[in-house]
Amino acid sequence: MGRRRARWLGMSAALVLAVGGLSSASPAVAAVVCPSGVESDFNGDGQRDVAIADPEATVAGHADAGAVHVVYGSGKGNLLTVSE
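Residue 84 is where the sequence shown ends in our numbering, and the numbering goes up by one at each step.
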């Protein structure tokens, strides 16, 4: 991953985490959508996670195929990044 893309992903993740509490979804809607009851909890651990779009990513040799990078929150300020 190039420096520019890594910097962009880092800034995007920071921005999403900073404004994550400003989501328009109500807690009741989040509880229905997410099994843990936490908005944007992709892995069901009860902590907020972040999905970052990377529309220009090369996937399996296909340029600009796009990808989504998931940053899992730990609730302790630590992040685990997984790309799929």
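What the hints contain is simulated information worked out from the structure, not anything from laboratory work.
Quick caveat: nothing in here was measured; it's all calculated off a predicted structure.
Using N, Cα and C, we set each Cβ at its ideal position, and we do this for glycine too.
Treat the hints with caution; some may be incorrect.
Stated by the list, open to error - What follows is a list of derived Cβ distance ranges for each label pair: (1) Val-68 - Asp-45: 16 to 26 Å; (2) Glu-56 - Lys-76: 23 to 33 Å; (3) Gly-44 - Asp-64: 26 to 36 Å; (4) Val-68 - Gln-47: 13 to 23 Å.
What the hints assert, rightly or not - 25 Å max Cα-Cα, derived SDA-like pairs, lysine to any residue: (5) Lys-76 - Ile-52; (6) Lys-76 - Gly-44; (7) Lys-76 - Ser-40; (8) Lys-76 - Glu-56; (9) Lys-76 - Glu-39.
Verification of the hints:
no. : hint                        : verdict
1   : Val-68 - Asp-45: 16 to 26 Å : holds, 18 Å
2   : Glu-56 - Lys-76: 23 to 33 Å : holds, 32 Å
3   : Gly-44 - Asp-64: 26 to 36 Å : holds, 32 Å
4   : Val-68 - Gln-47: 13 to 23 Å : holds, 18 Å
5   : Lys-76 - Ile-52             : holds, 20 Å
6   : Lys-76 - Gly-44             : holds, 16 Å
7   : Lys-76 - Ser-40             : holds, 17 Å
8   : Lys-76 - Glu-56             : violated, 31 Å
9   : Lys-76 - Glu-39             : holds, 17 Å
The structure fails to meet hint 8 from the earlier list, while all remaining hints are met.
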